[in-house]
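Enquirer: Going line by line, the protein sequences match chains A and B. The opening residue of the first sequence carries number 0 in numbering that gives the first Met the number 0; numbering runs sequentially from there. The opening residue of the second sequence carries number 0 in numbering that gives the first Met the number 0; numbering runs sequentially from there.
To be clear, the hints were calculated from the coordinates, so they are not data collected in a lab. Everything numeric in this text was worked out from a predicted model, so none of it was measured. Warning: the hint list may mix true and false statements.
Claimed, not checked - DEER-style ranges, computed between Cβ atoms: (1) 49(B) x 383(A): 42 to 52 Å; (2) 390(B) x 457(A): 31 to 41 Å; (3) 454(A) x 339(B): 28 to 38 Å.
Virtual Cβ for every residue (Gly too), placed ideally from N, Cα, C.
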Amino acid sequence: MSEALDTIEEFVQSDYKYGWVSNIETETFPPGLNEDVVRLISAKKEEPEFLLEWRLKAFRHWQKMAEPKWANVKYPPVDFQSVSYYAAPKKKKQLNSLDEVDPELRETFKKLGISLDEQKRLTGVAVDAVIDSVSVATTFRKELHKHGIIFCSFSEAVKEHPELIRKHLGSVVPITDNYYAALNSAVFSDGSFCYIPKGVRCPMELSTYFRINAENTGQFERTLIVAEEGSYVSYLEGCTAPMRDENQLHAAVVEIVADTDAQVKYSTVQNWYPGDKNGKGGIYNFVTKRGICKGDRAKISWTQVETGSAITWKYPSCILKGDDSVGEFYSVALTNNYQQADTGTKMVHLGKNTRSTIISKGISAGRGQNSYRGQVKIGKGATNARNFSQCDSLLIGDRCGAHTFPYIDVQNTSGQVEHEASTSKVGEDQIFYLNQRGIETQDAVNMIVNGFCKEVFRELPMEFAVEAQKLLGVSLEGSVG
Amino acid sequence: MTSADQTTNGETAACVTAFESFSKTSGSPDWLKDLRTNGISHFTELGFPKQNQEEWVFTSTKLIQELDFIPALASAGASPDLAPFLFKDLTGPRLVFVDGHLSHGLSELPTLPDGVLITNLASAIETHGDLVKAHLAHYAKTDGSGFSALNTAFIQDGAFVFLPKGRTVDQPIHLIFVATDGDANTINLRNLIVAEENSEAKIIESFCSAGEQAVFTNVVTEIAVAASARVEHCKFQEQNRESFHVATIQAQLERNCHFTSHSISTGSRIARNDINLTMTGEHVECVMNGLYLVGDQQHVDHHTMADHAMPNCDSHEYYHGILGDESRGVFNGKIFVREDAQKTDAKQSSRAILMSDKATLNAKPQLEIYADDVKCTHGATVGQLNNEAIFYCRSRGIDEADARRLLTHAFAGEVIERISIPAVREHLEKIIWDRLEELIED
């Protein structure tokens, strides 16, 4: 096994690919949080009165709340006063085209492998890029506009479509929902807004790219997706951050509203900086994601690949209110070194004949701790509701942990809930078999792990599936247990 | 005692007052007095469990607190009719406790193998003080929950079973705990079962009511199973539907031993069972088997824990629940595999059937795993009877009501079949069948 240990060592020392810092001039608020900061953010963004009121309400509520302690993660207390709540690339004037975007910034995105270049239409993905809480560029606006689709930064949406924001903001995740959602509601600086009108099938994948760049800042973005009757959209989200010794806070909120017959597919590849091999630094990723299937036959599907962050605390959920609505959750969470993840989902069945599927694959290596925490609730009126959950864990090495905390609450006799979970390790016999077919141990492990995650990967859009597989490959290099 | 200052605290006040008069009257060895004092001080600190505690989220102790705490500190001398509680064809050692105190008249003790002790705790403390001292409160944590602390504060009587090295008690040992109507409303029981190396026994605990009153039973059973010993423990709770029942079973399992726990729960307004198995040696094989069957507004809660502290142990768990009317079932099963507990094989299966739209089930099958070379699985299902199975029965000429009855019986029967004592199986089957009929007809 000494060889294996060497390779683990090798892997541990392998670099975080996205760890550089861009020298973009940023405008940052001094650290600290009080009502004035909230007002300042709102003023900076030239927000209408109702939004400021909403933020202040959230802030006042947040002050009364206590940090949640129930998650199976350990970390020193976060000092919310040492975080800067606003950092934005300095904008000199309103940009008319991408050519006017700061070349340094474009370089940044080139490094990330994301093309903001509208010329490269072949990629076929519309991107909204958010750096340090502020949306910097959105592509394919005109093309989408033709279909009546609104896809822009949150601040633009506030200015241009205040009625939509007013109607839907906080309708799925109320300001009182939880500690981090309340914090986000008070200080969120930007994010993406997406509106698909009735009967429209979005012709391309929409994508948001988040990056924390500045030091000592927290990122608090807010995403709102509204899918009207009979519409369809597939939405992608990616994230990276530079390598820093101190922990940075990311507390985002994503809200999805799906009306009758609407379908929303939300995919995330989360690759925030996970900290170094001794667990120093890394992002605290405390995210609230929730969608509501408001109308009948609506469908919301969450797919996530979580490989980054020092701590992940994230439960993308579905409220299945409409009859025959469907909720899905597919997740791969990988923890290595000192990473900790407490993630899962909540499926709340309220309507009749509602169905939900949960497939969660947790992989723990090094000293990583990986927890699945989920709730399936079948309400009294949810006749013939159906849930299937499967949570599998794969352990690589003997210092890591895998945990499952499923909550099943059933209040209707016709509800059918099944939950299965298993824990296993990469079998020596499996590796041996592949070895004797001429496949090296390293490739064999990648192959086995990719097979383990296949059910989730096949739910990802093509571009993401490739990236996700690569990410796992890199992360697992040498971790033969 | 610092806790004396806190007696103003409303919820614990009645218990503390009762404890003060209890500690004055009972003449006990100093070590036991210390143990009790330790218990009450933990209790005043912890209080009754609250619903904001993870382990008690679904079970409210409010009704138990509303019951004025009047412990049955001495035997009232009642002699209830045992006939309904005896298992037909079950002969063998029998200890009967009425309101928490041994009734010599109702108990029956045949000649036992050399060195085997089957007696009550109160007299064992007098006759075998050192032996009891070496084991009592060594396994169950006094500060585990408010209830186990309270139990420790009032340790007085209960069953004491001691099996010396290599001894086998062939016939099942039946422990019957009867609650009667009287002035007291709280029964405190502490059972201690010690099985030395290579010994073997089957032990049945029956909890029943001879009266109609609401009685709160708080019982802690500590079981120490030494290397290569075999113990089968069957707990059957059918107290009246006004009662409250809180039970903790704490077993410590040594190398190569076999331990089986059965928990059948049909009675009580609120029943809470904590069953914790700690594997402190390698190659332990243990089984947790359970059935809960409730209706009305009954609330039944099982919290189980398989703590794999050592490598190479197997634990298997099967829990079935049938919930009717407005009842509520809670199942929280935890498999805990510590670092280095490699080659663990842990399985857990929890299934429940809801017979009424007003019934609720909260299940939480948990895995916490810190070792990599393990096989751990859990499965939980909640739902109704399989429509295809019903259809199959009907295609064979069985009408729907009978098909449902048949399938429900089979569902409960799976658990009962795992009990190895025929007399117990027969008795339970009959009671379960009657209870099922009641639920099906509602």
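Enquirer: With reference to the structure, classify each hint as holding or not holding.
Expert: Against the structure, the hints come out as follows:
no.: 1; hint: 49(B) x 383(A): 42 to 52 Å; in the structure: 36 Å, violated
no.: 2; hint: 390(B) x 457(A): 31 to 41 Å; in the structure: 34 Å, holds
no.: 3; hint: 454(A) x 339(B): 28 to 38 Å; in the structure: 31 Å, holds
The structure shown violates just one earlier hint, number 1.
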